[in-house]
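J.: The residues making up each chain are set out below.
There are 2 protein chains.
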Amino acid sequence: MANPLIDDRTLDFLLYDVLDTEALVRFPRFEMHNKESFTLALRTVAKLARESLFPTLRKMDQEPPVLKDGRVHTHPDLPRVVGQMVEQGYVAMARPIEVGGMQMPLTIASAIGAYLDAGNVGAACYVGLSGGAAHLIESFGSDELKKTYMQPMYEGRWTGTMALTEPHAGSSLADVRTKATPTGKGDYLVQGEKVFISGGDNSFSENIVHLTLARIDGAPAGTKGVSLFVIPKRRVEGGKLVDNDCKPSGLFHKMGWKGLPSIALKFGEDNACHGYLVGKANEGLRCMFQMMNGARLNVGMAAAANASVAYHEALAYAQNRPQGRAMTNRDASTPQVPIIEHMDVRRMLLAQKAIVEGCLALLLTCARYSDVADASPDEEARAKAQKLLDLLTPIAKSFPAEKGFEANALAVQVHGGYGYTAEYLPELLLREQKLNTLHEGTTGIQSLDLLGRKIFGDMGLSIGLLGEEMRQDIAQAEKLPRTKKHAGALGEALDGWTVLLATLGTRAQSGDVDGALATSVWHLELASTIVVAWLWLRMAHIAAKKPSSPFYEGKLRAADYWFETELPRAAELCRRVEMPTPAYRSMPIDAF
Amino acid sequence: MANPLIDDRTLDFLLYDVLDTEALVRFPRFEMHNKESFTLALRTVAKLARESLFPTLRKMDQEPPVLKDGRVHTHPDLPRVVGQMVEQGYVAMARPIEVGGMQMPLTIASAIGAYLDAGNVGAACYVGLSGGAAHLIESFGSDELKKTYMQPMYEGRWTGTMALTEPHAGSSLADVRTKATPTGKGDYLVQGEKVFISGGDNSFSENIVHLTLARIDGAPAGTKGVSLFVIPKRRVEGGKLVDNDCKPSGLFHKMGWKGLPSIALKFGEDNACHGYLVGKANEGLRCMFQMMNGARLNVGMAAAANASVAYHEALAYAQNRPQGRAMTNRDASTPQVPIIEHMDVRRMLLAQKAIVEGCLALLLTCARYSDVADASPDEEARAKAQKLLDLLTPIAKSFPAEKGFEANALAVQVHGGYGYTAEYLPELLLREQKLNTLHEGTTGIQSLDLLGRKIFGDMGLSIGLLGEEMRQDIAQAEKLPRTKKHAGALGEALDGWTVLLATLGTRAQSGDVDGALATSVWHLELASTIVVAWLWLRMAHIAAKKPSSPFYEGKLRAADYWFETELPRAAELCRRVEMPTPAYRSMPIDAF
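Chains as they are written, first to last, in this note's numbering: chain A, 1 to 592; chain B, 1001 to 1592.
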């Protein structure tokens, strides 16, 4: 049986039973949609992902891009598959009709993204990056920029990138040096070098538009002096496309994502690179956060989708590979059994299932908050949803990446020695997955965002709202015998987390900021484990009320797994996070 | 600064301060050695590994072997580097002088292996496999086989392999089908197919000798009908080497270890493949376990060595890469700081250090038990050491592989986006590491070996001995203020483990074997965490008594890390292992 990539029925369960996505069509913005149009869109993308994208994954992995004669040569299948995605309108799916979009709720757009990422994330990213880059122009750009650059991007004729990182400034955007000098004619001449520009060049799109952070001459140091620019590979001049002095200067050789080149890019080597300011001067980082936040959710979804593909590979292999016999059967003349009958293989499969579906639930929950925040007519609901979305974003970015990597390693392990070979997919998926803990803000950066900015920086307001959401579900789940125990366990974990945050908050306020943040990555792990437990509780509660079937039994078992294996780590994690002076804190550098 | 691969001083600390390796020269077998000869051998291998092997690692990764015209074409650097290892006598290092060996303690041979593995494990394996295969002939073969096959292997002219796995029989050796038909002239005609034969063909050695499991016609089903054979690629006939009908039939495309081809091999396609019985008929598996146990320790060491290289890469990067500023410094005009000053980078480095050095200590401890078991004049000491070695082998095989993979992922993470690229080494090391949880018995197999065979199968005798060893060190460490708390924590964990084992034992005896073994992988994790905590306690106790210095402070901090981060997981792991019916146990297959 072919790999489903994402299980359709699980997705429907999440969208309609768990998240009541249908209710979104009551918002004016989404009123042209209905469940049927959602379902049609989902079945269409599933078919495209399975039949068109997925078969290119191994091929692109084996023929990585090449930088030759100043051009990046990408895989020959890309024009076809990117073309198909463009044709389906995926670049501007969630954007308004007026700009050529489909005005689709992000919840559905995210689910569509899950299939595309699962099929071939490297190829799908051209679409996601182009949409995100164009959206920046839509939100902050002039009408001229919208007409000239945004429109061809939304139409999928041109692709887009985000150009933030520089060789000496990866996580530290305060140190961006690329400089923009006003020409006096409204535009700027840009000089600088960017690295890790995904899709920074390719051999199929008519033009590439880089949404770039740079510093206008005389701007203040740090993040307060960073501005956002449109820097096209070819600029429009007199109705024609002319070369804009952006040269690929290097190509990174990545472990995976080989459909999507990651390159170094030089702007203005011949002092002929024109940039166009987007939004106000020195407000670039604030603007860019729109794209970064979207990209963070996309990374989380890519991670969950990747782990889903690996899980389905492992499941099929375990069902079909005969090896060994029951522990108590020593008769070698009896046939071997499929390895899914072995206890540890079952453990590895259920762990993967719990991670994959828990992470899908997390990402779709975030997308739904985003829809409410953007489109609800109820102002209070909008504000609350925005708070919850902001709080959950670092979790949704990093947890699927970290935990998905664990799941992917298990998928390799289920395949035994074969898992280490290119004859099976899990090794490729494992390599692809590793990127997700790194790009769009490492796990360490996300952990500081969560604890420093989203919790302390907000005086605990958002976390209070999240607690309320959880308590409501706990109260519901407590009423059902099948979920009562889990509800109690989640309540306890939430109490523990609350106490911990009070301790850390006091520590930060007393001036020991380093001490309050010293264990932020463990805090992120704790928070994520609890949040996913909450989502599993919701899923279990709904599944328990359905007529018994293997499908719902699967949801209940995966929830049981989370509550007997992952959530019980919370108490010990709390203790660990609470340590003010972990061994590494003041360790002399020469003692490492 | 160049990567040291393995830190010399840490190795000396382990060998001489922790393990008193010098005492081994009091055994008659090792009396020709002394600390100076050990040190000379270690400095020699360090130089060879750093200057000759390590520079070939990336090259071999980028030019994998090719199967063409029925031959496997291996990397052109192999003859040189394998030749250098042969010249240093590494094939038969630990074997007796009489057979051309150096009669070196395995403790030193293992340390030498650590450098070689760290340099380039794929290349080093030719030497390790040849030695292990020849050792089987030495232990169980006829004088004729020793003269004809073992001798050229020990001399490094011929290489050797172990040929166990078949397409339908990976972990389940009971299902080996390769058949051996007596010719009536003392040898056998062999037919069958083996897969995953590491070094199964190469383009540099004069001959390749496969130590092969096969079934003599009419042998009983299962493991009791499996015999061990020498099957050379070219057999000696009339003083000449003639083709022996062993054909490479496929090449696996692996994630790493690309210096060492893993191939499928067909024996007797033309019915002209001669095999020579080693040991008694139907006792092949018992014989093969000698090589498998050795190979398991080698895998553990390879895993530890790999993680060590990755740690040193990460440490150097962290010391030299400026990025960002202190949490409390918002002034972007001040210089960026090296990332080792960031709290989470420090955490990732110390975690790696604690894993790497804990695993090195584990492997060297096993090697030392092996030396006592083989060479002590004291019979009781020999028996006890053998028990402890047998008990610790599954831990020493699997924990460095599983935990090393975690460490390697952290090394990638420390490098940020660069870690995902071939411009830095950690991505290669991560790919290499993944094999170690799979070959020579997966982690699942090791966990069953530990709990089923080494603990239940032994009526708890070995685990009792291990407990005594630990209690002695706990008693010592309790006397020192710096280690008192850790000693208490280890004692508690040991108590918890003991109670758990009683519960599981009772469960097994009452007939619920599946229930007793259902969580065996978690038990392996628990056991490993406690064993490594014990070794860190020993190291800390010794370091605490030394004059204060960055080196010893590093040992103490790494021990602190283990005791504040890893060991506290024991209680929760105990609870989890104890579950008789985890969610996956009886889950219907269609609910996955």
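Accuracy of the hints is not assured; some may be wrong.
Unchecked claim - Reference listing, derived: stretches of chain B covered by chain A, where coverage requires no fewer than 3 residues with Cβ under 8 Å from a Cβ of chain A: (1) 1425-1439; (2) 1535-1543; (3) 1558-1572.
If you're looking for bench data, these hints aren't it; they were derived computationally from the structure. No residue lacks a Cβ here, since even glycine has one placed at the ideal position from N, Cα and C.
J.: Do at least three Cβ atoms from the stretch 1425-1439 of chain B come closer than 8 Å to Cβ atoms of chain A?
T.: holds (count 8)
J.: Test coverage of the stretch 1535-1543 of chain B by chain A using CB-CB distances below 8 Å; three residues minimum.
T.: This one is violated; 0 residues, fewer than the three required, reach chain A with a Cβ under 8 Å.
J.: Please check whether the stretch 1558-1572 of chain B has three or more residues whose CB lies within less than 8 Å of a CB on chain A.
T.: holds (count 9)
Figure legend: structure checked against the earlier numbered hints; the only hint not met is number 2.
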